[in-house]
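Just so you know, the sequences run in chain order S and V. Letter 79 of the first sequence, counting from 1, is numbered 79 in our numbering, and no numbers are missing. Letter 183 of the second sequence, counting from 1, is numbered 183 in our numbering, and no numbers are missing.
Any given hint could turn out to be false.
[To be verified] Simulated DEER-style distance windows between Cβ atoms: (1) Ile135/V - Glu79/S: 45 to 51 Å; (2) Val59/V - Asn188/S: 45 to 51 Å; (3) Val59/V - Gly277/S: 38 to 44 Å.
Because the hints were derived from the structure by calculation, they are not lab data. Ideal Cβ placement from N, Cα and C applies to all residues, glycine included.
For reference, the chains in residue letters:
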Amino acid sequence: MKRKLGILLLVMVMVVGTLAGCASSGSSEESETVIAGFLYVGPADDGGWSQVHDQGRAKMVEYFGGSVETIVKENVAEEKSEVISSIRDMVDQGATIIFGTSYGFMEGMAEAAEEFPDVKFEHCSGYMTADNMATYFGKIEEPRYLSGIVAGMTTRTNKIAYVAAMPIPEVIRGINAFALGVKSVNPNAQVMVSWTNTWYDPTAEKAAAEALIQQGCDVTAQHQDSTATMEAAKEAGIYSVGYDLSAAETMPEVYLTAPLWDFSGYYIDRVQAVIDGTWETGQYWGNMNDGIVYLDDMTSLVSGAAVSSVETAEAAIKSGSLVIFAGEIKDQTGTVRVQTGSAMTDEALLSMDWFVDNVVGTLE
Amino acid sequence: MFLYFLSAAVRAGTCLLFATLGEIISEKVGHTNLGVEGMMQMGAVIGFIAGFISGNPYVALLCAALAGMAGALIYALLTVTFKANQIVTGLTLSIFGTGFATFFGKNYIGKKIPDAITTFFAPFEFPGLSKIPWIGEVFFNQSGYVYFSYVLVIVVFIYLYKTKWGLHTRMIGENPAAADASGISVDRYKYFNIALSGALSGLGGAFLSLVYISILPVNVVGGRGWIAVALVIFAMWNPLLAMVGAYFFGALDIAGYWLQQYNLPVSIYLFDALPYLATVFVLLFTSMRKTANSKEPAWLGRNYFKEDR
């Protein structure tokens with residue numbers, strides 16, 4: 001019996017081996033095909049961050065028409081071992097460039113980059129680089145500033161709710177840019193921040209939003225990946241600035257606009273570089289001019305005056321005549337953080353740990 | 001505004017109340033079921049899917065209860081019929097239920113429940129009672145689902161303490177051999193009560209996905225099932241005290257969001273840890289003062305082997 005099993009196993013191994021041989025010889029005929037791997041922290045259709053990346057991926061695949069294939073791994077935990085094993089799987093399947101789309105993938109990717117020197121690694125929002133590992137991100141604070149203008153001109157109570165994930169520089173920078181946008185059109189309005197300590201937990205987000213709305217806020221904004229904040233706004237009958245994806249169709253009663261991402265351009269450029277053999281490491285930090293970040297079309301709930309203010313500010317940011325983090329900027333305690341006539345450096349922006357003076361909230 | 005906070009605390013505590021009531025029934029019949037988290041997850045996802053497809057709130061509630069019950073029946077089969085270890089089986093059920101929810105919920109993540117159901121469960125002023133000062137605003141301006149939970153507290157209390165079946169149930173939890181000898185069908189009671197507790201857990205989970213947020217997220221229950229297990233001890237196995245405990249923990253759950261704007265010299269991370277810290281203190285406190293009424297059922301956690309009688 002055991003021998004029979006052994007023989008059976010041997011035959012199976014041989015059959016599989018032959019098939020695999022066929023497959024590999026098949027693909028070597030079309031050696032043009034590039035395989036790109038994508039790691040997502042959530043499901044590809046999470047209605048937020050991962051979906052934004054997946055849309056970029058889909059556009060990239062469409063652009064290349066059949067010559068690029070992608071492998072997607074969803075729900076990858078932000079743990080080194082899981083990141084590395086997911087990457088090994090992808091490399092086994094022939095991936096030559098791998099995009100990791102969550103900050104917590106950084107260390108796992110850095111280690112995998114050492115293990116696979118011939119594979120290119122692209123990490124979103126991190127800071128670790130190597131000869132074969134680049135980083136990419138966008139200045140979402142630019143459209144956030146614009147959305148602040150919309151919120152500042154929409155509020156009647158002069159209190160704007162901001163439901164935010166984690167007190168890290170990326171989020172703080174977004175809140176400050178938003179608050180400066182508010183201030184540029186409405187010096188009396190305050191931005192009230194509530195932390196949820198999670199990127200994605202609709203229960204926490206909704207509870208936080210409800211608390212702020214009860215304290216008198218009549219416009220909400222968010223740095224969260226679910227639509228729960230907008231849901232709370234809808235129940236309270238007020239207005240909302242979204243994030244990640246447009247809610248113009250799903251939340252027409254409350255949705256004003258949202259700062260959005262479009263990664264397709266970057267994905268196309270980088271995969272093209274792999275095809276051409278011109279890929280180089282680097283740290284990409286794109287802005288509105290590149291199209292990686294933009295403000296969604298403003299809905300009919302936004303006043304005409306706000307639309308024209310946003311258009312003016314957008315043109316000024318794109319031309320460089322308006323710098324968001326230029327002085328004079330005071331923090332919550334009234335201390336001048338940025339002097340008149342100077343602007344914050346990229347380094348200072350990347351480590352921002354204070355709120356501008358029209359933000360109400362704690363960073364402790 | 002403070003009253004609104006309290007009414008939000010009631011909403012936040014309602015899912016805990018359902019699950020705690022369920023677990024009390026299960027423990028009264030002698031079964032520690034650590035699968036609450038799993039049964040809540042199953043109820044939340046199946047209730048959501050049923051509501052999403054049918055657009056009918058009653059179908060959603062029924063399916064949520066049946067899903068929780070299905071999880072409980074797996075547990076009952078293993079622990080009552082096959083005498084498996086209750087703790088291990090319960091833990092397995094929690095892991096299973098969470099995986100079940102992820103698997104079946106996958107295509108519905110981020111979807112919104114139909115408006116027909118949202119409207120059905122929208123808060124309304126309870127005629128008469130909502131006019132009571134303070135109490136009216138906190139307790140009687142809520143969703144019908146919340147009113148349903150008030151009724152259940154009373155029903156469970158009457159069932160356990162005022163009916164023959166409740167007496168038999170409690171007897172089995174205290175001394176199954178004596179119950180058996182007096183002609184009570186121990187296994188049948190165990191199956192019935194465990195299934196009932198599963199249905200309540202399922203309804204608790206569905207409150208989250210149908211009413212509390214009305215969008216289906218990944219892992220909607222998020223650990224609340226474990227708090228419910230601890231709440232049973234806090235409530236000293238009493239359905240009325242379960243109400244107090246559930247709202248207290250509901251308040252702790254949301255307190256952080258309300259206090260952040262006051263610039264208190266306290267870390268925001270401490271607020272997040274409050275429910276768990278409170279659980280530890282509650283367990284300490286209740287284990288220090290044990291009275292006849294507040295004790296756990298004598299046979300809790302032990303399986304009953306008829307042959308050992």
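Hint check results:
1. Checked against the hint of 45 to 51 Å, the C-beta distance between Ile135/V and Glu79/S comes to roughly 48 Å, which is consistent with it.
2. Checked against the given bound of 45 to 51 Å, the beta carbons of Val59/V and Asn188/S, roughly 50 Å apart, stay inside it.
3. The hinted window of 38 to 44 Å between Val59/V and Gly277/S is violated, with their beta carbons roughly 59 Å apart.
Violated hint: 3 only; the structure is consistent with all others.
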